Every structure is written in structure tokens, then in C-alpha cells.
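Chain order of the listed sequences is U and F. Every letter in the first sequence is one number past the one before it in the UniProt record's numbering, and letter 170, counting from 1, is 170. Every letter in the second sequence is one number past the one before it in the UniProt record's numbering, and letter 214, counting from 1, is 214.
Among the hints, erroneous ones may be present.
Derived PhoX-like pairs: lysine-lysine, alpha-carbon spacing no greater than 25 angstroms straight-line [to be verified]: (1) 111/U x 122/U; (2) 58/F x 11/U; (3) 11/U x 111/U; (4) 99/F x 111/U; (5) 226/U x 38/F; (6) 99/F x 16/U; (7) 58/F x 92/U; (8) 146/F x 16/U.
Just so you have them, the derived chain F footprint on chain U, three or more residues with Cβ under 8 angstroms [said to hold, decoys possible]: (9) 70 to 77; (10) 137 to 143; (11) 168 to 178; (12) 214 to 227.
Simulated from the structure, these hints should not be mistaken for lab results. Note that the coordinates shown come from a computational prediction; the quantities given were computed from them, not determined experimentally. No residue lacks a Cβ here, since even glycine has one placed at the ideal position from N, Cα and C.
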Amino acid sequence: MNLTLRIWRQKGPEDKGRMVTYPVDDVSPDMSFLEMLDVLNERLILAGEDPVAFDHDCREGICGMCGLMINGDAHGPQRGTTACQLHMRQFKDGETIDIEPWRASAFPVVKDLVVNRGAFDKIIAAGGYVTAPTGSAPEAHSTPVAKANADAAFESAACIGCGACVAACPNGSGMLFTAAKLTQLSLLPQGQPERYTRVIGMVDAHDEAGFGGCTNAGECTPACPKGIPLNTIGRLNRDYLAATAKGANNTPGS
Amino acid sequence: MTKTRSPIRSNVGLKAVMAVTGILLALFLIAHMLGNLKVFTGETSFDHYAHWLRDIGKPLLPGVWFLWILRTVLVVAVVAHIVAATVLARRARAARPVKYAHRKKVNGSYAARTMRWGGVIILLFVIYHLLDLTTGTLNPVGDASKPYGNVVADFAPERWYVTLFYTLAILAVGFHLRHGAFSAFRSLGQQTPRGERRARIAALIFAVLLCAGYLVVPFAVLTGLVS
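Modelling step: build the complete structure from the supplied sequences, incorporating the hints.
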């Protein structure tokens, strides 16, 4: 395959940045998208140019490190797939592919396609945990959990924190991430004691980081590589309104 | 961690404000539509109904008090709805300072994408509509004692552009409600996938019925069914 890539190049956080065109020949359709970028980078290095910086780690779709806006789709055209698991057979020979970083004020560009997703860490730090020491995995029968709750919590727990929901959202909202990290705890017995302080802390941290609000437009779920359902945000809304009505102290862990 | 803003000013709180005020306005739209349909019962009945609206609450409340209480509630709801929407829209804009060079719409429906500009169009229409059929300023008859005559004169065939504008505005309301009604349920905590399907279907049926109920009046006048 011969492709033309238009890639966002930005030397550092202060640089203005621009789209740069790179022709890439002899791409195997069996390569992953990141392997294709590796090939480009090897050629750039041989030519004495600066390679394209992009985030990646496990390359098996579970770490949440990779994240590219490919032709306007977060993680590319294939649903339920991270960029590292996307293969070049999804593209046509001779195609022009636009590659951009996630765009959000809460995710400043570090270099080229690498963004700082530290805002997600702040949301987790504001309540996305259980304070009680839980020790090793308990005996499954000791704490009964309704099957529907277990399934929904598991769906939420599949979130890898890649940021595709923010990238795809027309409002730059991180609500799907926040809701997933909230409901993986709020649906289970272990998450109950801090349920209402957690939601206020996490929504506060979400807003404070500069993410936009959810308008239920539904762009996030199709972009999510783990397919976290949109109704998860409804669970967050309900918990937040309940917490506000209860006048819960907003200090997480209190 | 200290509280950064009051809960109502959070992104979730503002959406709840939009949902509650939106529901109030939607309830008014239902009552207004049912009232409009009285036009098919004839001039005397329709005019009698319109005059009765000014007297609701009598003798408990003097004169047109009920009407002014209703108007106050509606104005507060409209202002709160618009203020919350504006704050959220400004935050959304600030949340993405650098736009994508290549962006396509993946999933969002036409209704969801046009909520903000659709809302602006509806606001402009409401201003025109009040000047037309409440104050009578822009109405060819504009006689407050003859509401039936005002309506018939408004949608006369030679004033086809008025009917066209009304039609477009009502369709804008329909699209706004199609997403808005579902979104209101979600903002107030609708949380199951099955409930989501039901809420979306209910919102669609509600929007279509409301559009049909409103549009049947101008088209009845246009075709001479009501004259």
C-alpha cells in the first residue's frame, strides 16, 4: 500500500503546530496503525529528521496509552478498537490519512501527537477509589451483588482511560470517563460508603480541569474502544443530584 | 479538596436546570397546542376560550392575575434555560480551543447537533409570535377582542410567507424537543439502557405529535377549512 499521511507536528507545548504531509510507500495491510507510524519514523530517522512522537505502550488494546484522531475518528474508523489494534487493511491504497492529537484544553499537547492526560488522574484522585483497605480478592459469596449491577459495573470497569470520549465529544466533555470511573464503584457494595462524596469530588475535578459539559449528543460511546454505554452518564447525573439533595460534604473520603 | 463552585453551577447542575425549565416549557407547549385546536370548534367557542384564559382563577384571583403568574413562570423558565445553555456553550467552546483539521460527525443526530442554533431560531420566533398574536402589533387585524379573526387573517393564502415561517419555526421546535425531551430525562438521572430506548421513542413521538398539533391550524386556515 502507498499512503499519504497528514500528521500534526508540534515541537513542544509552546509551538503553534501544523499539519505536515508525508508520503509512505510499501505499507503492508497486515501492519497495525502504530507499526505503520514506526516505519515512517525509521525512515524519518534515517533521513536525519525528527520522528513523529506518539503515545503507545501495550499495543494490545488494554493500557489506554495510544490515542490518535484518525481521519476525524478517535482511534480510527473501526469501532471498539484502539489505534494500536487498528490494522492498515482498514484503509485503501493511495488514501490520504489525517492524524491529529486529542483536542481539548484539559489535554495540552506535549509534542506532535502526545497529549498530557493528567486531568484524568486529577479526576481519579478526587474520589475514584475506595478508601477502605480491601486486601486480596474476597470470597465471592461473602458479599452478594445483583447480576445486573455486577454486569454494569464490569462494563464501566472496562474503561482504559484513553480519552477518546473527550476527543470525540463536540463539547470536549470527559463525562463518559468520569461516569465510568464512578459507576464501577457506585454499583458495588464496596463503593457505597463514599458514594455521594465521591460523585461531587469527581464532577468538581472534571469541571475544574476545563472539560465541557455533557449534552447527551452521544458521540462518545461509538468512539469508545471499550463501548462504555451512554446511559452510564445518567447514573452519574442521578448520583450527583442525589448527593446535592442530601447536602453531602464534598470532601472525598470523609 | 475545596468546593470550587456551587452544585447548580457544575456542568451536571446546569443541565438539571435546563431539564427542569425545559419540561416546564414543554408542558406549556402541550396546553397551548390543545388550546389552539379549539379553533376547529368555531369562532364563538374559540373566542370564548381565549377570553376565558384571561379569567382563570376568578374569583380566587382578581382579574388577569393568573395569566401574569403564568407569564412570570414562563419568562423565568425561558431566561434560566437560555442562561444555562449559554454558560454550557461557552464552557464547551473553551474546552476545545484548537479545532480539528479533519472532523466528521460520527453519531449525533441532526436534532442533537442543532440544539444551540435551533434554540436561537425558536427564541426569535417566540418574539415574533408574541408581537403577532399576543400584542397584535404585527398582525393584519390585531384586534384583541377577536382572536379567531386574528388567526384567520394571519394565515391567509396571500400571506403564505407567514405560514412558511411558522412551519419552519414549529419544525425547529420539533427537532429541539426530539433531542431535548430525551436529554432532559438523561440529565435528571435516567440511567438504564431500556429506559434510554423508551425515552428516545417517547421524545420522538412527543415531538411529532406536537408538530402536527401546531401545524394543523395554519394549514387549516390556508386551505380554507377554517375561515
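We went through each hint and held it up to the structure:
{"no.": "1", "hint": "111/U x 122/U", "result": "21 angstroms, holds"}
{"no.": "2", "hint": "58/F x 11/U", "result": "74 angstroms, violated"}
{"no.": "3", "hint": "11/U x 111/U", "result": "6 angstroms, holds"}
{"no.": "4", "hint": "99/F x 111/U", "result": "17 angstroms, holds"}
{"no.": "5", "hint": "226/U x 38/F", "result": "53 angstroms, violated"}
{"no.": "6", "hint": "99/F x 16/U", "result": "13 angstroms, holds"}
{"no.": "7", "hint": "58/F x 92/U", "result": "74 angstroms, violated"}
{"no.": "8", "hint": "146/F x 16/U", "result": "64 angstroms, violated"}
{"no.": "9", "hint": "70 to 77", "result": "holds (count 3)"}
{"no.": "10", "hint": "137 to 143", "result": "violated (count 0)"}
{"no.": "11", "hint": "168 to 178", "result": "holds (count 6)"}
{"no.": "12", "hint": "214 to 227", "result": "holds (count 9)"}
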